[in-house]
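In order, the protein sequences belong to chains Y and B. Residues 1 to 422 (the numbering used here) are what the first sequence spells out, left to right. Residues 1001 to 1177 (the numbering used here) are what the second sequence spells out, left to right.
Incorrect hints may have been included.
Unchecked claim - Straight-line distance between alpha carbons at most 30 Å, and here's what the computed DSBU-like set of lysine-lysine pairs gives: (1) Y/Lys138 / B/Lys1030; (2) Y/Lys342 / Y/Lys370; (3) Y/Lys280 / B/Lys1030.
Stated by the list, open to error - Chain Y is nowhere near these chain B residues, computed Cβ spacing over 10 Å in every case: (4) Asp1079; (5) Ala1121; (6) Ala1150; (7) Ala1153; (8) Ala1162.
Because the hints were derived from the structure by calculation, they are not lab data. Please read all numbers here as calculations on a predicted model, not as lab measurements. Don't be surprised by glycine CBs; every beta carbon is placed ideally from N, CA and C.
Listed here are the chains, written in short residue letters.
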Amino acid sequence: MARKPPDTPDQPRVGEGRLDRRGFLKHGAALAAVTTPAGAQATQAGGDLPWLHVPGQPFSAYGQPSPHERYTARRIGANRAVAGNGVSFTPLEDLDGTITPNGLHFERHHNGVPQIDPAQHRLVVHGRVRQALSFDVKSLLRYPMRSQMLFIECGGNSNAGWHAEPIQRPAGSVHGLVSCAEWTGVPLSILLDEARVDPGASWVIAEGADAGAMNMSIPLGKMREDCLVALYQNGERLRPENGYPMRLIVPGWEGVLHVKWLQRLEVGDQPVMSRNETSKYTELLPSGKARQFTFTMGCKSLITSPSHGQTLRQPDVYQISGLAWSGHGRIARVEVSADNGKHWTDAVLQSPALPRCFTRFRLPWRWDGKPAVLKSRATDEAGNVQPERAALIAERGRAGYFHYHAIVAWAVEDDGLVSHTY
Amino acid sequence: MFRILISAAAATTLLTGCATPLAPRVEAPKLGVPVAADALAAQTLNVFPDGRGLPPGQGSVKEGAQLFVRHCAGCHGRDGRGGTAEELTGASRPLNHPAADKTIGSYWPFATTLFDFIRRAKPMTAPGTLNADEVYALSAWLLHANGLIAADAVMDAARLAAVRMPNRDGFIRVEAP
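Work out the full structure, taking the sequences as your base and the hints as a guide.
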């Protein structure tokens, strides 16, 4: 029984841990009115607030978040022997909306962030082309550009989901190797056309200008279809940790293909079989065979509030809020359950729901003070439905490491503490 | 001084008789600077499974053993069985085991990947500083330590490309064209 029968009174299902959006909308105002006096009292201290009576700070050349928000920060997990080899996670549970601020976009570096002088940087397109060409940054800035809001997700995001026991960490510290930004850059098809690609070519090997010149192979068809050489991120030039002065954007495909500090594109007729597309970013199956070139990031969602480590202070109305995304296209639907998947209710999707972009979903929930298990389940426009963990493991085993996109469950205990559960 | 360059795509559609209308195409400047072939050859690092991209040079297992101790053992362990960096040798649990050992010998499908990766990325403290002979020698030692070539073997372009890795056919190409 996924939906409430039509003759049921329009009431939030207090005491059953179920969700009912229509019921809440009718009664939400009354609940809000009850809680207003406490809020009003807090604002009456205004007369003594010092910032009302002294001049404020002067202008700033580049704005920074309030010092009170200093703990909204990336969490870093790096190799203890090589500080620049590791990841930093976007604190998804501390953010709202769909755009990741540039200073909080997740990072995966293999050997640190190169400090590139843009005047010395070149992008070379070569291999199976009529004429190998070199582009400097100033030249690329003169080309026609396209802007697109897109998520980027590391293939290894959420990999703790394969563990036997549910990991107890904040949502962003497990699932935060995904971020969403507006990327602006030159469609790669323009540069490929200028170099005149041979008809027999089928792959392009992209290479970064980091220490180690990381290389990845990408099918030429995808490169022509919608890839960008991005120069801007959320309106400003790329941050160094996100590829300054230019990076590849491969919409909807796994993060490692979005080669940062892009310096070289070799057009060819086969993949190079680099270390990162063979021994890494491949998924071992129970049979002992491994899935390779699994490019598209799956249909996925995550409740960011309430989520691990947060506490519900008392039985009351809470806003369930989260993110959904799919490498296959737009998010069509997100359902939320408060009873571990027995009943599901459609969440409200924040519009516009753009293809291969974060979509914010929200749903009010009246918590009755009893144990509950919160889940979200995304469906994309291609009909892909986010799987339950058991179904994903039945299909893939638990040794694949990459491309974990199963439903995430948060347990709410009777004392209000939220933890991760399977 | 501004000129907006938009080609008459609709006219093209009519001329070719194509039924699908095309979006107006914004024309681009052509600012790419031609690159000479010899300049490219010196900068290109990609090494393909068929050996294309491998440079002249050679290195032995014995030389590689010394280089491994000097450049790699600090992180990968003296015998390459792992340390702060991953295990490269010594697989005991097979790939269909729930905790499989994914070493070079058990998992990597192509020996040429060793050269491609070591030359560009190793050692991590000074990537790209090993010469071709040293990279062949390290590749040789890693293949030997995984039981794939003899202790007195020497690797060069032809020999490295000819090594058939045990897991060569272990991959399912899910979205490759």
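Cross-check of the supplied hints:
1. Y/Lys138 / B/Lys1030: Holds: Y/Lys138 and B/Lys1030 sit about 13 Å apart, inside 30 Å.
2. Y/Lys342 / Y/Lys370: holds, 16 Å
3. Y/Lys280 / B/Lys1030: Judged against 30 Å, a Cα distance of about 37 Å means the pair is violated.
4. Asp1079: With a cut-off of 10 Å, B/Asp1079 remains clear of chain Y, as the shortest Cβ separation is near 18 Å.
5. Ala1121: violated, 4 Å
6. Ala1150: holds, 24 Å
7. Ala1153: holds, 22 Å
8. Ala1162: Check passes; 15 Å lies beyond 10 Å.
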